[in-house]
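Chemist: Spelled out from the first residue to the last, the chains are:
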Amino acid sequence: MKKRVYLIGIICLLVLTGFILYHTTPMPLKIPALWPKPYYDFAQNQPTVEGFELGRKLFYDPILSRDSSISCASCHFQATGFAHVDHELSHGIEGKVGNRNALALQNLIWSDNFMWDGGVNHLDVQALNPITNPLEMDETMGNVIRKLQQQKSYPELFNKAFGTSKITGQLLLKALSQFVIQLNSCNAKYDKVMRKEAAFSVQEENGYRLFATHCSSCHQEPLFNSTSFENNGLPLDPYLNDLGRMKITGNPIDSLRFKVPSLRNCQFTAPYMHDGRFRSLTAVIKHYNQLIVNKNTSHQLHLPMRLSDNDRVDLVAFLKTLTDIEFLFNPNFSDPAVLVQEK
Amino acid sequence: MTKFNCLYLFILLPLALFGQESNSLFVQVDYNHSPLILGETYVSQKGDSLRINKFKWYLSDLKLHFTDGRSASIGKKYTLLDADSLATPVYKIADFKNSSTAYMELSIGIDSIPNTQGALSNELDVQNGMYWAWQSGYINWKIEGTSSSCVSTHKQQFTFHVGGYKAKQNALRIVQIPFPKNAKNILHIDLATFFNQISLRSLNSVQIPGNAAMQLADLFTKSFWLE
Chain A
179 MKKRVYLIGI ICLLVLTGFI LYHTTPMPLK IPALWPKPYY DFAQNQPTVE GFELGRKLFY
239 DPILSRDSSI SCASCHFQAT GFAHVDHELS HGIEGKVGNR NALALQNLIW SDNFMWDGGV
299 NHLDVQALNP ITNPLEMDET MGNVIRKLQQ QKSYPELFNK AFGTSKITGQ LLLKALSQFV
359 IQLNSCNAKY DKVMRKEAAF SVQEENGYRL FATHCSSCHQ EPLFNSTSFE NNGLPLDPYL
419 NDLGRMKITG NPIDSLRFKV PSLRNCQFTA PYMHDGRFRS LTAVIKHYNQ LIVNKNTSHQ
479 LHLPMRLSDN DRVDLVAFLK TLTDIEFLFN PNFSDPAVLV QEK
Chain B
14 MTKFNCLYLF ILLPLALFGQ ESNSLFVQVD YNHSPLILGE TYVSQKGDSL RINKFKWYLS
74 DLKLHFTDGR SASIGKKYTL LDADSLATPV YKIADFKNSS TAYMELSIGI DSIPNTQGAL
134 SNELDVQNGM YWAWQSGYIN WKIEGTSSSC VSTHKQQFTF HVGGYKAKQN ALRIVQIPFP
194 KNAKNILHID LATFFNQISL RSLNSVQIPG NAAMQLADLF TKSFWLE
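Note that the protein sequences, when read in sequence, are chains A and B.
Quick note: the first sequence uses my numbering, first residue 179, plus one each step.
Quick note: the second sequence uses my numbering, first residue 14, plus one each step.
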């Protein structure tokens, strides 16, 4: 009888210590007023400080690639809106070059699809692409998990974040989501003007007016994107032969249609378009200004833009008000290993 | 000890004799009515000489329909099976109470709900290699191997990764299989039936959702039978 009491006592103690060891700190997201409701289901992956820090470490760790040479951050650099500066196409291990321009990572919780063709239907499974793509990290999920499990730090960090030191594909992907769901850019000059904390210059004001007339049917405020896929009149690159959305739907109507990316922080996310063919915002605006439409071009572009040189400059001035310095240089989003070294 | 014997004699034994007998459902992968051997050379009725190196598939929503109109779900909601790791040729996948069973119903693949729920666990974990990266969704079943008929593919490989959950790409197949008299409760999947229906020279690689995948899914259903 006495033995049983001891046993119950020990079990209670074990459960209690487990409870103390697995205690997460909530990290609620600040959703700006008047913004739409996020699409991401936080109930399935509640934001925590422990999860965020684990995801952040993974994001900057080249262990995710086959030869441990590149990390997520290799193609998603914070100061350029987590896009791949100066690279038309994403890069992989052993100098391999991918098929598409790495997208900026920001405000992803408002997206219901990912990648240029929208082939990915949930943020949690997006990271499977770069990890397993032979032209990018060229690794298998099984291998990544084996490598992580053998490390000293990771099993403990997974335990802190998820209450188990047994790493699985599910937890690895949820950990990466824990980091990227916090990458939200909502404090650009544009936002301050909307909140009446700042004012546009005359140039920016004119640019905003032009934007509303010529751009906003696809790049819709406040996220400056849309959930549709559009053909913006770019001729097919015969080398890449990328048909975009059609690869996913199999529908010829979707040929050469691509995601409408957000314009937030576009001052720094160059080069532009799915294949990075334009190096500057001026080149992008010139494309729309001179666009020769055909029957496949999205209907929003059928009216020619024909901006004067001055108007083009003003439009760029407005686009620069979408730059969110606080986001681009937020130390919480930077490489945690670098911080440790600096200390 | 005596206590246990009494219990056995007076309660468990009569139950076992007169009550509902517990039973098990097994699965067995065959090629032409014999257990499949991975890497073995087979010849299909179409004349293709072929070797199967990999066969993985999801079985889900197993359900028994009884002669009195009742039905019962058995086993796990989703079971991932791999021909390479089945411990024995005849592999147990579920238990059920014996009753007069008319037919069995099962799904080959994963229904649409988990396909849109992101990263899931256990049988549905992406690390099982049954989830597409570039286009979200589960691979319902995959068969890989080589054949001298595959003259146009790398290393003469054939690769069938069949899946797709969206309306016009749905490759999930629900099959109903009648229970034979004196059933041994072995669900057979005879891959010969599949390869006898296709010509590997012209059809050797399907790895995306769409019409071809849906046609293969239809053909695959014919490989299932109950012993």
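Note that these hints are calculated values from the structure, not bench results.
Model, not experiment: these values are computed from the prediction.
We treat Cβ as the ideally placed atom computed from N, Cα and C, and that holds for glycine.
Heads up, some of the hints might be wrong.
Derived Cβ-Cβ restraints for the label pairs, each shown as a range [claimed, not checked]: (1) B/50 with A/187: 32 to 40 Å; (2) A/390 with B/157: 50 to 58 Å; (3) A/484 with B/180: 35 to 43 Å; (4) A/414 with B/157: 27 to 35 Å.
Listing some non-contacts, in silico: residues in chain A with all C-beta distances to chain B over 12 Å [what the hints assert, rightly or not]: (5) 214; (6) 216; (7) 218; (8) 308; (9) 309; (10) 310; (11) 349; (12) 372; (13) 412; (14) 458.
Derived DSS-like pairs: lysine-lysine, alpha-carbon spacing no greater than 27 Å straight-line [what the hints assert, rightly or not]: (15) B/69 with A/344; (16) B/110 with A/425; (17) B/181 with A/425; (18) B/90 with B/59; (19) B/168 with A/274; (20) B/69 with A/325; (21) B/181 with B/235; (22) A/344 with B/89; (23) B/90 with A/473; (24) A/325 with B/67.
Chemist: Run every hint past the structure and note whether it holds.
Modeler: Consistency of the hints with the structure:
1. Checked against the hint of 32 to 40 Å, the C-beta distance between residue 50 of chain B and residue 187 of chain A comes to roughly 55 Å, which is inconsistent with it.
2. Between residue 390 of chain A and residue 157 of chain B the beta carbon distance is about 54 Å. The supplied range of 50 to 58 Å therefore holds.
3. A hinted range of 35 to 43 Å for the beta carbons of residue 484 of chain A and residue 180 of chain B is consistent with their spacing of about 41 Å.
4. Range check, residue 414 of chain A to residue 157 of chain B: about 32 Å between beta-carbon atoms, so the 27 to 35 Å window is met.
5. Distance check for residue 214 of chain A against chain B: the nearest CB is about 20 Å away, which clears 12 Å, and the non-interface claim stands.
6. Under the 12 Å C-beta cut-off, the non-interface status given to residue 216 of chain A relative to chain B holds; the minimum distance is some 14 Å.
7. Not every C-beta of chain B lies more than 12 Å from that of residue 218 of chain A, the closest at about 9 Å, which undercuts listing it as non-interface.
8. With a closest Cβ-Cβ approach of about 9 Å to chain B, residue 308 of chain A is found to fall inside the 12 Å limit, against its non-interface label.
9. Separation of residue 309 of chain A from chain B is inadequate, the least Cβ-Cβ distance of about 8 Å not exceeding the 12 Å criterion.
10. Distance check for residue 310 of chain A against chain B: the nearest CB is about 5 Å away, which does not clear 12 Å, and the non-interface claim fails.
11. With a closest Cβ-Cβ approach of about 8 Å to chain B, residue 349 of chain A is found to fall inside the 12 Å limit, against its non-interface label.
12. Chain B leaves residue 372 of chain A outside its interface by the beta-carbon criterion, the shortest separation being 32 Å against a cut-off of 12 Å.
13. The non-interface label for residue 412 of chain A is consistent with chain B: the shortest C-beta to C-beta separation is roughly 21 Å, beyond 12 Å.
14. Taking the minimum C-beta to C-beta distance to chain B, about 30 Å, the non-interface status of residue 458 of chain A holds against the 12 Å cut.
15. Distance restraint check for residue 69 of chain B and residue 344 of chain A: the Cα-Cα separation of roughly 24 Å lies within the 27 Å cut-off, and the hinted pair is therefore satisfied.
16. Restraint check for residue 110 of chain B and residue 425 of chain A: the C-alpha separation of about 47 Å exceeds 27 Å, so the hint is violated.
17. Simply put, residue 181 of chain B and residue 425 of chain A have alpha-carbon atoms about 14 Å apart, close enough for the 27 Å limit, and the pair holds.
18. Our distance criterion of 27 Å between C-alpha atoms is broken by residue 90 of chain B and residue 59 of chain B, whose separation comes to about 36 Å.
19. Using a Cα cut-off of 27 Å, the hinted pair residue 168 of chain B and residue 274 of chain A holds, with the two alpha carbons roughly 23 Å apart.
20. Distance hint between residue 69 of chain B and residue 325 of chain A is fulfilled; the C-alpha atoms sit about 25 Å from each other, no more than 27 Å.
21. In summary, the hint linking residue 181 of chain B to residue 235 of chain B is supported, as the alpha carbons are separated by about 22 Å, within the 27 Å threshold.
22. For a cut-off of 27 Å, the pair hint linking residue 344 of chain A to residue 89 of chain B stands: about 22 Å separates their Cα positions.
23. Between the alpha carbons of residue 90 of chain B and residue 473 of chain A the distance comes to roughly 48 Å, so the proposed pair goes past 27 Å and is violated.
24. For the given pair, residue 325 of chain A sits about 25 Å from residue 67 of chain B by alpha-carbon distance, which is consistent with the 27 Å threshold.
Against the hints set out earlier in the document, violations occur for numbers 1, 7, 8, 9, 10, 11, 16, 18 and 23.
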